[in-house]
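Number of protein chains: 2
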Amino acid sequence: MRKIINDPEAFVDEMIEGIVLAHPELVKTPTDDPRILVRADAPVAGKVGIVTGGGSGHLPLFKGYVGTGLASGVAIGNVFSSPSAKQCFEATKAVNGGAGVLYLYGNYGGDVLNFDLAADMADLEGISTETVLGCDDVASQPRERARDRRGVAGIFFAFKAAGAAAERGDSLAEVAAVAQDIVDHTATMGIGLSPTIFPVTGQASFELPEGEMEVGIGIHGEPGIHRGELESADAIVDRLVDPLVTDLSLTEGDRVAVLVNGLGSTPLEELYIMYRRVNQVLSERKISVEKVYVGEYATSLEMAGASISLLALNDDRKALLDAPAQSPFFQEG
Amino acid sequence: MRKIINDPEAFVDEMIEGIVLAHPELVKTPTDDPRILVRADAPVAGKVGIVTGGGSGHLPLFKGYVGTGLASGVAIGNVFSSPSAKQCFEATKAVNGGAGVLYLYGNYGGDVLNFDLAADMADLEGISTETVLGCDDVASQPRERARDRRGVAGIFFAFKAAGAAAERGDSLAEVAAVAQDIVDHTATMGIGLSPTIFPVTGQASFELPEGEMEVGIGIHGEPGIHRGELESADAIVDRLVDPLVTDLSLTEGDRVAVLVNGLGSTPLEELYIMYRRVNQVLSERKISVEKVYVGEYATSLEMAGASISLLALNDDRKALLDAPAQSPFFQEG
Chain D
1 MRKIINDPEA FVDEMIEGIV LAHPELVKTP TDDPRILVRA DAPVAGKVGI
51 VTGGGSGHLP LFKGYVGTGL ASGVAIGNVF SSPSAKQCFE ATKAVNGGAG
101 VLYLYGNYGG DVLNFDLAAD MADLEGISTE TVLGCDDVAS QPRERARDRR
151 GVAGIFFAFK AAGAAAERGD SLAEVAAVAQ DIVDHTATMG IGLSPTIFPV
201 TGQASFELPE GEMEVGIGIH GEPGIHRGEL ESADAIVDRL VDPLVTDLSL
251 TEGDRVAVLV NGLGSTPLEE LYIMYRRVNQ VLSERKISVE KVYVGEYATS
301 LEMAGASISL LALNDDRKAL LDAPAQSPFF QEG
Chain S
1 MRKIINDPEA FVDEMIEGIV LAHPELVKTP TDDPRILVRA DAPVAGKVGI
51 VTGGGSGHLP LFKGYVGTGL ASGVAIGNVF SSPSAKQCFE ATKAVNGGAG
101 VLYLYGNYGG DVLNFDLAAD MADLEGISTE TVLGCDDVAS QPRERARDRR
151 GVAGIFFAFK AAGAAAERGD SLAEVAAVAQ DIVDHTATMG IGLSPTIFPV
201 TGQASFELPE GEMEVGIGIH GEPGIHRGEL ESADAIVDRL VDPLVTDLSL
251 TEGDRVAVLV NGLGSTPLEE LYIMYRRVNQ VLSERKISVE KVYVGEYATS
301 LEMAGASISL LALNDDRKAL LDAPAQSPFF QEG
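These protein sequences, in sequence, are chains D and S. Sequential numbering from 1 applies to the first sequence in full-length UniProt numbering. Sequential numbering from 1 applies to the second sequence in full-length UniProt numbering.
Since the hints were made in silico from the structure, they are not lab data. Misleading hints may appear alongside valid ones.
Computed list of lysine-lysine pairs in DSBU-like fashion (alpha-carbon distance at most 30 Å, straight line) [claimed, not checked]:
#1 D:291 to S:286
#2 D:86 to D:47
#3 D:47 to D:28
#4 S:28 to S:86
#5 D:291 to D:318
#6 S:318 to S:286
#7 S:318 to S:291
#8 D:286 to S:93
#9 S:28 to D:28
#10 D:291 to D:47
#11 S:93 to S:28
#12 D:28 to S:86
#13 S:93 to S:47
#14 D:28 to S:47
#15 S:291 to S:47
#16 S:286 to D:318
#17 S:47 to S:28
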């Protein structure tokens with residue numbers, strides 16, 4: 001292993017402790033459980049809260065999107081493991097400002113199970129909740145079953161837009177509708193060049209010989225749709241972007257936001273080489289790029305690889321992306 | 001190799017093209033030479049310009065610090081190679097707003113040679129220049145020869161402070177004095193766990209068996225001061241922070257800014273585990289942490305490892321760090 005860690009069992013708790021020590025003006029752990037992290041001013045009276053959650057190992061996902069104009073709180077699981085229902089519920093209580101709470105997280109079985117249980121607990125305490133699942137990985141299901149897809153990096157767009165809607169005072173139903181609208185218009189495809197190494201076991205999340213690539217890989221190493229020899233950056237981008245354009249039925253004159261996301265150890269230089277080609281391909285199709293994000297937005301620890309997400313834009317979605325936001329990992333405006 | 005690239009010889013130019021396509025509102029390439037990148041509104045009349053430069057492969061260093069309240073322009077070399085004197089000069093002309101230009105870059109022989117030649121060319125054209133070298137790597141020279149040290153991640157503090165000074169209208173001499181003051185109060189030490197792989201040759205920058213670490217390593221793989229078995233995060237942080245505290249003669253009641261910087265493929269989770277210990281160690285010494293930066297600020301492509309930088313703070317330095325800034329990779333305020 002090439003990890004800078006202490007006791008592997010303390011990996012998650014020590015990481016959270018570091019985040020809170022580094023950014024006390026932005027986030028806090030309001031209960032005895034260090035796995036519940038919320039924005040420093042939570043709960044915000046009269047505003048809809050947004051709770052996310054999921055396994056660790058994906059920074060800045062999910063903890064990094066807790067802040068103003070973004071998610072209000074997060075329940076944090078072990079590496080690639082769901083938080084408990086109780087943790088999801090405690091996070092709900094901690095951000096509840098009386099206007100209800102949106103659950104916005106990636107579509108994985110354990111997370112769904114525990115957030116659904118938390119919703120029942122919240123209901124018993126009189127806290128209204130709604131749920132929207134991030135499900136943007138086009139490699140995992142066809143368009144007809146889009147809401148069964150796995151959630152990957154594109155959930156960033158939903159945090160940004162739903163967070164902006166909550167901040168401006170939208171109702172719970174309205175914030176949920178914004179989040180669902182974003183999810184329905186977001187598509188992502190990734191490529192992996194090397195696996196994640198689990199801190200506790202030292203094992204790799206999957207096997208992939210050096211010099212090969214897996215197209216459509218999930219952020220936990222779920223199998224993709226093509227494995228073969230590593231190709232050029234331009235060829236890889238074409239493999240990723242074409243299915244996204246088709247999936248979102250984008251045509252000449254359409255507008256998009258683009259996220260080129262690094263999965264961990266792929267250098268920023270390579271992400272910009274990829275963006276160059278994304279811009280070329282979309283320009284050729286006369287699709288207008290109105291927002292660009294390049295960097296690490298959802299990782300798999302040290303996995304080498306990247307993903308490309310497209311969000312089809314209209315004026316409403318664009319305005320929500322442009323709204324101010326601030327978290328330890330993201331700032332807009 | 002596990003790189004997402006096209007022709008390796010086009011690595012740098014395609015990366016710059018991607019940056020400009022992604023952030024046209026922030027940066028531009030004002031000449032026929034794509035290796036000269038300046039802020040979108042350069043030159044700014046009446047304000048001091050700041051030109052940096054150096055080899056590629058260190059994103060967000062150096063290109064990432066071109067923006068408002070930061071550097072005004074950059075001359076970009078090949079991977080780990082200096083830009084030419086002509087490129088440094090062209091960048092100088094492109095940012096010259098009539099108040100002179102500060103050269104602020106890391107202390108490496110090729111860069112010094114070419115920037116000094118550029119200063120001569122600028123002088124012939126009536127453009128005043130001053131030079132301040134980033135030289136914060138305590139492993140490379142003892143304190144008595146601090147200005148002979150290699151420049152590493154701590155130059156970020158100098159960009160931030162000198163950029164703020166230029167933005168508020170300081171004279172060239174004043175901006176240079178701010179940069180030198182920051183450099184003189186900054187100390188950095190790094191640790192490497194794996195090498196950089198050069199895009200063109202596919203060769204590693206140095207050899208390091210898995211499970212070993214090199215303390216004090218430079219950002220091009222220059223040898224450090226200790227090689228041995230990989231230790232715990234806490235033990236590593238202690239090895240890095242103690243020499244920094246000594247070097248800066250920090251004692252009880254002193255104030256610092258901290259930068260925990262990832263060198264490439266070390267996950268953000270591990271950087272926060274490191275920050276947790278940095279905070280502990282400084283708290284025990286009753287040194288007050290007033291600014292914290294955790295993330296990738298100066299990398300070596302996909303090198304695994306991290307560095308810790310400390311800047312001794314006073315009110316002036318703190319105010320300059322707090323001033324607004326915006327670039328493709330950094331935003332404050």
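Checklist entry - So which of those numbered hints doesn't the model satisfy? => result 1, 8, 9, 12, 14, 16
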